[in-house]
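Participant: From first to last, the protein sequence lines are chains A and B.
Sequential numbering from 3 applies to the first sequence in the working numbering.
Sequential numbering from 560 applies to the second sequence in the working numbering.
Don't read these hints as lab results, they were simulated from the structure.
For each residue, glycine too, the CB sits at the ideal point set by N, CA and C.
Hints may contain errors.
What the hints assert, rightly or not - For the chain B half of the interface with chain A, some residues (derived, Cβ under 7 Å), not all of them:
no.	residue
1	Met603
2	Thr786
3	Leu824
4	Arg828
5	Ala848
Claimed, not checked - Think about it this way: if two alpha-carbon atoms lie no more than 20 Å apart in a straight line, the pair counts; the simulated DMTMM-like pairs of lysine to aspartate or glutamate are:
no.	chain 1	residue 1	chain 2	residue 2
6	B	Lys592	A	Glu340
7	B	Lys592	A	Glu137
8	B	Lys703	B	Glu689
9	A	Lys212	A	Asp258
10	A	Lys279	B	Glu607
11	A	Lys317	A	Glu340
12	A	Lys279	B	Glu831
13	A	Lys43	A	Asp133
14	B	Lys795	A	Glu137
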Amino acid sequence: MAAKKKKTIRTIPQQRTAAREQEAAARVKNFAEVTFAYDAKAALVESERCLMCPDQPCVRGCPVGIDIPRFIDAIAQKNLRAAYDVIAETNLLPAVCGRVCPQETQCEGVCTVGDTLEPVAIGRLERYVGDNAIENGWVNNPYIEPNGMRVGIVGSGPAGMACAADLAKAGCEVTVFEAFHQPGGVLRYGIPDFRLPNAVIDAEIDNLRKIGVRFECNTLVGRLFTIAQMRDEMGFDAVFIGTGAGYPSMLGIPGDSLNGVLSANELLTRCNLMRAKDFPNVDTPMPLGRRVAVIGAGNTAMDAMRVCLRLGAEKVTCVYRRSRTEAPARVEEVHHAEEEGVEFHWLTAPVAVLDDGQGGVRGMRCVRMELGEPDSSGRRRPVPVPGSEFDFDCDQVVYAIGTNANPIIGQTAKLKLDKRGYIATDDDFATSMAGVYAGGDIVTGAATVIEAMGAGRRAARSIKAYLGLGATLPGASPQALFGIPPGERNYVRVRIA
Amino acid sequence: MSAAQLSDFEIVAREDLSPATFLLEVRHPMMAKAARAGQFVIVMSHAEGERIPLTIADFDRARGTVTLVIQAVGKTTREMQQSCTVGGTLYGLVGPMGVPSPIGQARKVVCVGGGLGVAPIFPQARGFKEAGAYVIAVLGFRSKDLVFWEDKFRACCDELILCTDDGSAGIKGLVTEGIRQAIEKHPDIDEVVAIGPPVMMKGCAEATRPHGIRTIVSLNPIMVDGTGMCGGCRVKIGDEVKFACVDGPDFDGHLVDFDDLMTRLRRYRSEEQAALERWSEQCRLMAAADQKEQPAPAQAKR
Numbered sequence: 003m004a005a006k007k008k009k010t011i012r013t014i015p016q017q018r019t020a021a022r023e024q025e026a027a028a029r030v031k032n033f034a035e036v037t038f039a040y041d042a043k044a045a046l047v048e049s050e051r052c053l054m055c056p057d058q059p060c061v062r063g064c065p066v067g068i069d070i071p072r073f074i075d076a077i078a079q080k081n082l083r084a085a086y087d088v089i090a091e092t093n094l095l096p097a098v099c100g101r102v103c104p105q106e107t108q109c110e111g112v113c114t115v116g117d118t119l120e121p122v123a124i125g126r127l128e129r130y131v132g133d134n135a136i137e138n139g140w141v142n143n144p145y146i147e148p149n150g151m152r153v154g155i156v157g158s159g160p161a162g163m164a165c166a167a168d169l170a171k172a173g174c175e176v177t178v179f180e181a182f183h184q185p186g187g188v189l190r191y192g193i194p195d196f197r198l199p200n201a202v203i204d205a206e207i208d209n210l211r212k213i214g215v216r217f218e219c220n221t222l223v224g225r226l227f228t229i230a231q232m233r234d235e236m237g238f239d240a241v242f243i244g245t246g247a248g249y250p251s252m253l254g255i256p257g258d259s260l261n262g263v264l265s266a267n268e269l270l271t272r273c274n275l276m277r278a279k280d281f282p283n284v285d286t287p288m289p290l291g292r293r294v295a296v297i298g299a300g301n302t303a304m305d306a307m308r309v310c311l312r313l314g315a316e317k318v319t320c321v322y323r324r325s326r327t328e329a330p331a332r333v334e335e336v337h338h339a340e341e342e343g344v345e346f347h348w349l350t351a352p353v354a355v356l357d358d359g360q361g362g363v364r365g366m367r368c369v370r371m372e373l374g375e376p377d378s379s380g381r382r383r384p385v386p387v388p389g390s391e392f393d394f395d396c397d398q399v400v401y402a403i404g405t406n407a408n409p410i411i412g413q414t415a416k417l418k419l420d421k422r423g424y425i426a427t428d429d430d431f432a433t434s435m436a437g438v439y440a441g442g443d444i445v446t447g448a449a450t451v452i453e454a455m456g457a458g459r460r461a462a463r464s465i466k467a468y469l470g471l472g473a474t475l476p477g478a479s480p481q482a483l484f485g486i487p488p489g490e491r492n493y494v495r496v497r498i499a
Numbered sequence: 560m561s562a563a564q565l566s567d568f569e570i571v572a573r574e575d576l577s578p579a580t581f582l583l584e585v586r587h588p589m590m591a592k593a594a595r596a597g598q599f600v601i602v603m604s605h606a607e608g609e610r611i612p613l614t615i616a617d618f619d620r621a622r623g624t625v626t627l628v629i630q631a632v633g634k635t636t637r638e639m640q641q642s643c644t645v646g647g648t649l650y651g652l653v654g655p656m657g658v659p660s661p662i663g664q665a666r667k668v669v670c671v672g673g674g675l676g677v678a679p680i681f682p683q684a685r686g687f688k689e690a691g692a693y694v695i696a697v698l699g700f701r702s703k704d705l706v707f708w709e710d711k712f713r714a715c716c717d718e719l720i721l722c723t724d725d726g727s728a729g730i731k732g733l734v735t736e737g738i739r740q741a742i743e744k745h746p747d748i749d750e751v752v753a754i755g756p757p758v759m760m761k762g763c764a765e766a767t768r769p770h771g772i773r774t775i776v777s778l779n780p781i782m783v784d785g786t787g788m789c790g791g792c793r794v795k796i797g798d799e800v801k802f803a804c805v806d807g808p809d810f811d812g813h814l815v816d817f818d819d820l821m822t823r824l825r826r827y828r829s830e831e832q833a834a835l836e837r838w839s840e841q842c843r844l845m846a847a848a849d850q851k852e853q854p855a856p857a858q859a860k861r
């Protein structure tokens, strides 16, 4: 291969390559994906923007340490299969992560190009590779030598899927238990089709099945059988708990229990998992609001607002007590919600949901806020502006203000919990029960898909060490996020399919 | 114990208890082993169906089955009344859910079941009897021809007070009348457990409140997942908000805000009505088409 010309910040394409999107006016009438994938030409142009800098801050910015420059280089050389192989070394769900990771605070947030220009669109490139892999049926089926160990995984969301993948590749017999009738966890019930189509989740689950992972749905662990029974009676040599947080917070203001007030979890589960948007062709009804107020400004809030618009709401209002800068949602999601016509009330806190006299909602009472001194989270604390209360009309209120620890595992297992009811673990994700590990939202509280996957993968390493499967835990390397050194392969040998 | 088959659950027996009430016995050995009195399941009859919560009416560990009693009132339950036959399957069945009823020290208890609540009160009555308590069952039905499981209750209870609205069987009156009689005869009742429609449980709680008798009710609000994730089943218990699926379904009847529960149960009434009408119309059209095409006895359609 000829020596490449040295790229500099001046020689690369200056503009970040735009991804085509459905027009806002059209997309609020359907559930099809908003952002289209790059085509081959766009991906090639964008891949040219990577400087291949020796410092590689992006790799450290990725919770699972994908070798980003190497996969981008493969795209630039028009070898998509090689690009997929690079990503698959560390991330089993590129089509998912390319869509739902908050890249602006991870890889793209620290990109060298981003110091001067717009950062390289790493997320879009990752999705481009992931979608191509699904389309072409590429899977890196490792050569697996069964080791006779059985591992049970509780919860089929991102933490459980990542943990299952690594343990299956290491030769363990892995069974994943899911309480719902379909696997996927929050990817299935929480994230709407227009951000993450079901076909993508199905493809990723199929890939896990191909490496021998078994999924058992309709199984509420804790109640059907306990964690202790899994270990002591059902023959699992180790257990991983990745059940997610998922006990929605209510505000505790007057009107909380009115019909027409619901959690974002309920709205999204009805719409996404139960397909209630097709009611009455499916049996689950969908609560339809004409004027909807959504409380909160995280990704879940953005999803809820955009779902309501697609279900035909005339007006959707976002109520958030801090300012736009503090909103926890991905920048792209806020931007999309704005384009689609969501009205944002920043620095506004709910005071009461107003009763229509028949058990329903007629409006909301809110108060304006201003930012005061920084609080314990380092963000400026919002304080009410005296006398600024105001009412507005709405007939549905959706709470997207976060979740608390789900109590089922705590009720049914003698596991040490922390003060807030989440499962307490040590640095190796081990719980207070021998052989039982936990990770993801049920340990940390609500976080992101990729962080849960990182936890699942690191817990898998601990489980391998516990089962004596060779992998010894190195001391925390300063470079390694989630304890996984950048570029580490998570399988033994690859048989190219 | 190993992981059993966890989808397509086989219906091994069915019994029609009245024109609108039917019983399904479903094979699920793991659940039969795990189930305790007071717990519930969520059923999906087919892949496009809704998830409906049903209190476990019985479980048989030897046969490896759980028993559900269903009242055909809406689209889903009427469709199940037609489609659920022996040898058929349920698409989804998950549980046992909820905190089991604490069957503890009570020495003398009244177990009250009204209408559909008669079925789920049965495991509680049996549980109390097995724990050595003196058990008085108070069962309420609209009329004599709707009465079911009288023999099952007689076999495990010390006394049975049957109440019908029209007096065609047992005493004439509501279950609250039965409770009044029980309290009159037994001043030493430790606990009343009541399962039935919210308005009935409210009446039971009011009947025992002046006597200060601990009264437990089992709430059945609208749910989606049944695992604490959606919050649709939130209920007001005293000053607190609880999720019936994971904090209940049993609560102190003297603290439950029944009016709030009844309002919340009406949330999807217009959608439920529309779905039922649409389905009934489809059934009529299908029946008409069948008659046209085929004068012979109609085949079961699925």
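Participant: Compare the structure with each hint and give your call.
Facilitator: Verification of the hints:
1. For B:Met603, the interface hint holds, since its Cβ comes within 7 Å of a Cβ in chain A; the closest pair sits about 6 Å apart.
2. Interface restraint check: B:Thr786 against chain A, minimum CB-CB distance 5 Å, threshold 7 Å, status holds.
3. The beta carbon of B:Leu824 comes no nearer than 9 Å to any beta carbon in chain A, farther than 7 Å, and the hint placing it at the interface is violated.
4. For B:Arg828, the interface hint is violated, the least distance from its beta-carbon to any beta-carbon of chain A being 10 Å, above 7 Å.
5. Checking B:Ala848 against chain A by beta carbon gives a least distance of about 20 Å; that is not within 7 Å, so the hint is violated.
6. Between B:Lys592 and A:Glu340, the direct Cα distance comes to roughly 52 Å. Violation of the 20 Å bound is thereby established for this hinted pair.
7. The straight-line distance between the Cα atoms of B:Lys592 and A:Glu137 is roughly 44 Å, outside the 20 Å bound, and the hint therefore fails.
8. This hinted pair does not check out: B:Lys703 and B:Glu689 have alpha carbons roughly 29 Å apart, beyond 20 Å.
9. Distance check on the hinted pair: A:Lys212 and A:Asp258 sit about 46 Å apart at the alpha-carbon level, beyond 20 Å; violated.
10. With a CA separation close to 12 Å, the supplied pair A:Lys279 and B:Glu607 stays within the 20 Å bound.
11. Between A:Lys317 and A:Glu340 the alpha-carbon distance is near 12 Å, which keeps this suggested pair within the 20 Å criterion.
12. Straight-line distance between C-alpha atoms of A:Lys279 and B:Glu831 comes to about 15 Å, which keeps the hinted pair within the 20 Å bound.
13. Among the hinted pairs, A:Lys43 with A:Asp133 is consistent with the structure: their alpha-carbon atoms are about 15 Å apart, no more than 20 Å.
14. Distance restraint check for B:Lys795 and A:Glu137: the Cα-Cα separation of roughly 50 Å exceeds the 20 Å cut-off, and the hinted pair is therefore not satisfied.
Comparing the model with each numbered hint stated earlier shows that hints 3, 4, 5, 6, 7, 8, 9, 14 do not hold.
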